[in-house]
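Just so you know, the sequence shown maps onto residues 586 to 919 in my numbering.
Just so you know, nobody snuck in bad clues.
The calculated label-pair distances, taken between Cβ atoms and stated as ranges, are:
(1) Val692 with Glu639: 36 to 46 Å
(2) Leu844 with Pro809: 44 to 54 Å
(3) Val743 with Ala637: 53 to 63 Å
(4) Tyr839 with Glu639: 44 to 54 Å
(5) Val668 with Tyr839: 23 to 33 Å
(6) Arg650 with Gly602: 13 to 23 Å
(7) Thr610 with Gln649: 12 to 22 Å
(8) Asp628 with Pro885: 44 to 54 Å
(9) Thr600 with Pro885: 51 to 61 Å
(10) Cys592 with Ile674: 46 to 56 Å
(11) Thr644 with Ser853: 32 to 42 Å
(12) Val860 with Asn808: 48 to 58 Å
(13) Val743 with Pro693: 22 to 32 Å
(14) Gly669 with Asn724: 16 to 26 Å
The set of hints was computed from the structure by calculation and includes no laboratory data.
Remember, predicted model here, so these are calculated numbers, not experimental data.
The beta carbon of each residue, even a glycine, is placed where N, CA and C say it ideally should be.
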Amino acid sequence: MEALTACQVASVALTSGTHSGETVTVTVLVTDEIVPTLARDDDVVLAYNPTAIEGFEYTFVDFQRSGALIALAVLFVIVIVAVGRRQGIRALLALGLSLAALMGYMVPSLLRGHPALGVAAVGTTLVAMAAMYLTNGINAQTTVAFVGTLGSLLVTAVLAVAFVRLAAITGLADDADQFLKVTASRVDLRGLVIAGTVIGALGVLDDVTVTQVSAVAELRRANPTLGRRELYVRARRIGRDHIASTVNTLVLAYAGASLPLLLTFYQSTRSAWRVVTSEVVATEIVRTLTGSIGLALAVPVTTGLAAALAGRRQDGGPHDHDPPAAWDDFAPTA
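Let's have the full structure, built from the sequences with the hints guiding it.
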């Protein structure tokens, strides 16, 4: 039985490589949606094989997306600076340092076979320190948030280690993991799941801890007579509302990243329970739930630390000889 395959012939002007400035003809097999149809003025990436049959030395590899990505990055910077002003600039610097720690330390260390959990612990500590102190300033308020973040990350890491083992997660859930196993055999794929969970949790933890410390600060400024217990109770009420939306954000972030996977399993003939307990889905569930637990515990931990330092009187009430100190002694404002 013969099968017909559609082809598209395109003339491409080369802008780099040994034949830059020349125009070549490229034949693209249009078999399905995986190989898109080329249009006029498209920027593309070609592969060159000098030993191929004449006329077929160049083959289509991918679209060249650098222009669109650079434009989007510039727009991102403009919006962040326009809205955040000085804080926006600090946030961008913190983002740059975070990426530097990720690509300059964590990724190379993991590829060398260093313990994934240790790499994640050191890397997230550096990222959290750089991001939080650069964005919020060097003061006691930021230090409390930083300590609360580290405590919550520790809980997340312990839970991730325990449940990755209990759930028999191997780290070979998809093709990318299996490819990594072949090309970088020293990488501990199970540890990589744990490290990814810790790193992913950090992205939302610092927001929660900074918000909780700020809530205690504002309550203290509004009423300097509040003691530790009252500060803790009131700030924790604020944290409950925040934690509900943040956990939802974390779950949706993981679900959004796994949307193609969810669609694939949705039309599977296997039972729903078999789908849920498959390694691919179970890995995402472990990541999401352990991160969410650490996130939820960040509220009482950080709030308790902040209230303990901010409350400058005994819980029984203020004393004439021991007036409450100003919150600014603990967290000076800019």
